[in-house]
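Work out the full structure: start from the sequences and follow the hints.
Chains as they are written, first to last, in the working numbering: chain A, 1 to 129; chain B, 1 to 554; chain C, 1 to 315.
One should not assume that every hint holds.
[As the list claims (entries may be wrong)] Which bits of chain A does chain B cover? Going by a derived footprint, with three or more residues having C-beta under 8 Å, they are: (1) 30–40; (2) 104–115.
[Stated by the list, open to error] Here are the simulated lysine-lysine pairs, PhoX-like style, with alpha carbons at most 20 Å apart: (3) B:K155 to B:K186; (4) C:K34 to C:K269; (5) A:K123 to B:K451; (6) B:K317 to B:K55; (7) B:K214 to C:K228.
Honestly, the hints are just simulated from the structure, not real lab data. Cβ atoms here follow ideal geometry from the backbone N, Cα and C, with glycine treated the same way.
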Amino acid sequence: MKKYRVLIAKPGLDGHDRGAKVIAKFLQESGFEVVYTGLHQTPEQIVTSALQEAVDAVGISVLSGSHNYVFTEVVELMKAKGIGEIPVFGGGTIPEDDIPPLMEKGVKALFRPGTPLDEILAKIKEIIG
Amino acid sequence: MKRDQLKQKSAAWESETEAGLKKRPERKEEFQSLSGLDIKRLYTPTDLPDFDYEKNLGFPGEYPFTRGVQSTMYRGRFWTMRQFSGFGSAEETNQRYKYLLANGQTGLSVAFHFPTLKGVNSDHQLARGEVGKCGVAIDSLRDMEILFDGIPLDKVTTSMTVNHPAPALLAMYLTVAEKQGVSWDKVGGTIQNDPLKEFFAQKSYIWPPRESVKLLVDTMEFCAKNVPQWHPVSISGYHIREAGSTAQQELAFTLADGIAYVEAAIERGMDVDSFAPHLSFFFDAHMDFFEEIAKFRAARRLWAKIMKERFGAKNPKSMWLRFHTQTAGCSLTAQQPLNNIVRTGYEALSAVLGGTQSLHTNSFDEAEALPTEEAVTVALRTQQILANETGVANTIDPLAGSYHVEALTDAMEQAAVEYIQKIDDLGGMVAAVDAGYPQSEIMRASMEYQKSVETGEEVIVGVNKYIAEKESPIPLLKVDDEVERRQIERIEDTKLNRDNAKVDACLDRIRDTARSGDNLMEPILEAVREYALLGEICQSIVAVYGAYEDPAVF
Amino acid sequence: MDYAQEALNGSVLAGARLIRLLEEGDPAGIEGLKKIYPHAGQAFMIGITGPPGAGKSTLVDRIITEFRGRGKKVGVIAIDPSSPFSGGAILGDRVRMQRHATDEGVFVRSMATRGHLGGLSRATFQAALVLDAMGYDIVLVETVGVGQDEVEIVDLAHTTAVVSLPGMGDDIQAMKAGILEIGDIFIVNKADRVGSDDVVRQLQVMLEMRDYSATNWTPPVLKTIASKSEGIIELVDAFLEHRDHLVSTGILDTRVEERELHFFKELVKEMAYEKINTAAGGAKKYAMLTEALKKRETDPYSAAETLMEHLKVDM
Ligand SMILES: Nc1nc2c(ncn2[C@@H]2O[C@H](COP(=O)(O)OP(=O)(O)OP(=O)(O)O)[C@@H](O)[C@H]2O)c(=O)[nH]1
Ligand SMILES: [Mg+2]
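Pasting the structure below:
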């Protein structure tokens with residue numbers, strides 16, 4: 001059976017990595033291979049990492065208010081690099097209002113704080129297909 | 001004799017009650033605090049076998065300070081109501097400060113945006129999208145002048161939450177005071193400047209652990225000489241807790257950080273009683289009411305013992321653990337946000353019953369964004385109601401003598417002592433950080449917590465129970481992306497309007513001083529006065545100290 | 001998309017996908033591998049092994065910088081263990097190397113061991129081959145090694161560097177067992193910590209007891225402070241020196257030949273086994289004989305002969 005491979009990244013200068021690490025750990029415990037980029041990533045770094053690692057999905061955690069910039073940039077860059085079909089998901093402090101425009105731009109799932117991990121897992125599997 | 005009788009009676013009561021459980025079971029098999037301490041059905045004097053009033057509690061203002069550091073506490077003066085705030089540009093935040101002061105807030109507290117916390121300028125590549133978003137953008141003295149425009153620095157006390165770049169921000173603040181004609185001995189406030197927890201909590205680090213402690217001692221030394229009313233460090237458990245630790249870990253790691261700082265200052269040749277009275281602390285007030293109160297009380301008692309017994313402090317003020325509290329940001333929910341007002345209210349109450357010196361109450365909309373003016377006002381009013389209407393501030397440490405609270409206080413202290421022992425065995429906090437110890441402890445605790453939320457064992461109203469079918473949205477504060485553009489323009493403008501040769505010379509001096517190991521405060525002050533950018537100053541230090549990289553401990 | 005051809009043309013995307021196919025054991029991957037095979041054999045393969053947290057990834061990061069400075073393209077395969085419980089893995093070596101993420105001359109691929117004790121799965125060898133064929137001059141392979149199981153790294157690497165660090169105490173003694181045998185270069189990292197000279201001395205003493213007549217190469221012991229980029233130039237020089245030594249003595253060719261031969265044998269074994277399972281009645285016979293062995297009704301030698309007889313008839 002094919003293993004799920006997912007990239008988990010923390011963009012920008014914000015160091016609040018609790019969410020990213022809990023998700024990474026949880027996905028590992030659910031049998032995923034999780035490539036963790038660590039903190040302080042630029043959109044370019046995230047996208048080239050996804051490219052080299054041939055992952056099935058890219059997950060990004062943003063708590064710094066920069067979600068509009070980061071997700072838009074990552075989705076655009078992925079398209080430009082020919083990996084536009086790899087689903088992008090994310091979480092953090094993303095106000096409800098900002099979610100629909102980001103989904104329109106191509107983000108496949110955005111999890112609000114408090115989303116149960118099982119729900120996140122199911123959704124990630126669904127968007128990977 | 002009487003004690004034995006009580007013991008027997010209480011055992012009899014327990015077994016009778018146990019027997020009745022078959023018919024009427026309790027809500028759960030086992031009851032635990034939020035941080036995993038076992039909670040008994042009932043507490044009686046038998047739970048405090050060694051209780052000795054003088055030894056365990058003493059009187060307010062007297063060793064071991066369990067009941068409070070001052071003899072009158074809130075009967076003298078309420079705690080300082082200090083709302084942490086900052087967003088967008090210095091201009092916008094300056095307006096918010098003036099609003100808060102006009103509404104009865106008694107101290108300022110600056111929230112900086114991430115680029116400032118990381119010591120980089122707003123035009124840095126990684127700052128894209130973050131400028132002014134989670135705090136105010138400060139790139140140089142110029143922004144700081146605007147931030148405090150019209151606010152006399154001898155009339156307010158200010159708290160600044162910034163860590164590795166703290167010396168530079170402190171220098172900016174002091175320079176603004178200078179320009180206002182306020183002498184440094186009249187300037188009061190606190191700068192967080194607690195570098196070690198950055199490696200395992202907030203992760204706004206710049207240079208490596210050892211070097212960061214060295215810089216902290218520089219500021220302690222400088223303040224002791226030049227800014228006597230300033231607290232050069234606020235040893236912070238808040239971020240440790242927010243990173244997912246338990247209450248015990250928060251307490252233990254905070255005090256262990258404090259121990260590392262005291263040791264470093266003593267090593268520098270400072271007399272413990274010369275600097276210890278200026279140490280201050282900062283804790284989180286989470287949802288488990290009694291556990292939090294126990295944590296605050298245990299913190300005071302344990303720190304007093306550490307200072308007296310471990311470091312031989314003589315001045316009682318050196319043994320004081322004075323602390324600021326913030327209600328738990330991580331307890332706020334994006335779902336049904338108005339519920340957060342209630343959460344914050346209870347958390348604030350625990351901080352007050354725990355004897356905090358100052359308090360920040362979170363706004364109900366902060367799970368999703370920085371607070372609106374309306375939300376901030378409710379948060380401030382929460383404190384004002386607590387102080388003025390409930391009467392809880394009329395007597396000192398009202399929960400002392402509660403069998404439950406005293407037993408929890410003991411348990412909390414004991415757990416912290418064990419952690420501190422473990423850290424001592426590893427060679428102190430710097431070595432423990434190198435070994436990834438606090439990192440992995442916190443990771444473990446946050447995974448466990450997350451799982452208990454998943455199973456519903458831990459209930460979060462509106463999130464995993466009592467979920468609303470439909471939520472009514474609340475207005476959120478939006479920081480204009482224009483701020484980023486303007487801030488970058490201002491950097492360009494600052495560079496054009498300063499004496500760049502002088503700035504370069506100042507930065508050279510910073511590098512030279514970093515190499516020589518002398519105190520860096522003076523060279524940093526000089527650079528600040530010449531409008532060196534925060535990023536330039538920090539990069540000059542990095543050139544010598546190296547940059548820290550997170551080992552990503554799981 | 002013809003991943004193999006595209007990869008040879010320089011497409012990182014195609015190379016990454018080909019490696020993924022190989023990792024998943026997809027037959028299409030093997031087809032690709034055949035296509036790229038003639039183009040491989042140019043890269044210098046370096047193995048970096050040592051205990052968890054020794055600073056291997058940090059070293060790799062700095063080695064990349066040094067090789068890039070010398071104009072070389074660098075591929076990296078960083079291996080982390082799979083969880084024996086969930087089969088999942090957190091692959092975190094990349095964290096240290098992210099400064100190179102946007103450098104087109106660098107390709108970093110993280111891999112989980114997926115149950116391979118030695119840390120190297122067949123996919124690791126195949127991935128290294130892909131990077132080689134894609135034109136990466138240097139291929140660095142990072143594996144966790146604690147004493148016994150990492151021997152496989154020498155099957156892949158031309159030069160194997162073993163990383164140790166101060167404060168290992170008894171671990172150094174334990175290392176003697178397996179890992180000392182495989183190092184061509186020994187690195188004592190974290191030399192900024194007390195006790196690094198002790199480790200260097202201990203290693204030297206232990207290495208003196210080794211017999212070098214077969215290779216004529218005495219492994220150097222080098223001190224590094226990876227986090228401060230100290231000792232990296234010397235380390236890279238040592239890698240190249242070892243490579244020159246392997247070339248000039250002809251050992252490199254022998255090693256490569258041996259490796260190909262080894263693979264050939266492995267593949268023959270595997271394919272023969274596959275054949276048995278697919279041949280008419282083969283799987284059944286195999287199962288029967290396994291049962292008989294368990295009941296001690298036969299011995300392994302007779303069982304194998306019986307199976308071969310059976311196949312001769314039916315094939
Ligand atoms: N003091 C010191 N620390 C170092 C040095 N090299 C690496 N480190 C630190 O050691 C820790 C582990 O480094 P890694 O490079 O992740 O080690 P590793 O061997 O790859 O670890 P695993 O892949 O988990 O086995 C990190 O915190 C590094 O910053 C060094 O020379 N001196
Ligand atoms: Mg590694």
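Hint by hint, here is what the structure shows:
Evaluation of the coverage hint for the region 30–40 of chain A: fulfilled, as 4 residues show C-beta separations to chain B shorter than 8 Å, against a requirement of three. Counting residues of the region 104–115 of chain A whose beta-carbon sits less than 8 Å from any beta-carbon of chain B gives 3, enough to reach three: the coverage restraint holds. Proposed proximity of K155 of chain B and K186 of chain B is supported: the alpha carbons are some 9 Å apart, at most 20 Å. Restraint check for K34 of chain C and K269 of chain C: satisfied, since their Cα atoms lie roughly 19 Å apart, inside the 20 Å limit.
Between K123 of chain A and K451 of chain B, the direct Cα distance comes to roughly 18 Å. Compliance with the 20 Å bound is thereby established for this hinted pair. Taken as a hint, the K317 of chain B and K55 of chain B pair is honoured in the structure, with Cα atoms around 18 Å apart against an allowance of 20 Å. With a CA separation close to 19 Å, the supplied pair K214 of chain B and K228 of chain C stays within the 20 Å bound.
When held up to the earlier numbered hints, the structure conflicts with none and fits them all.
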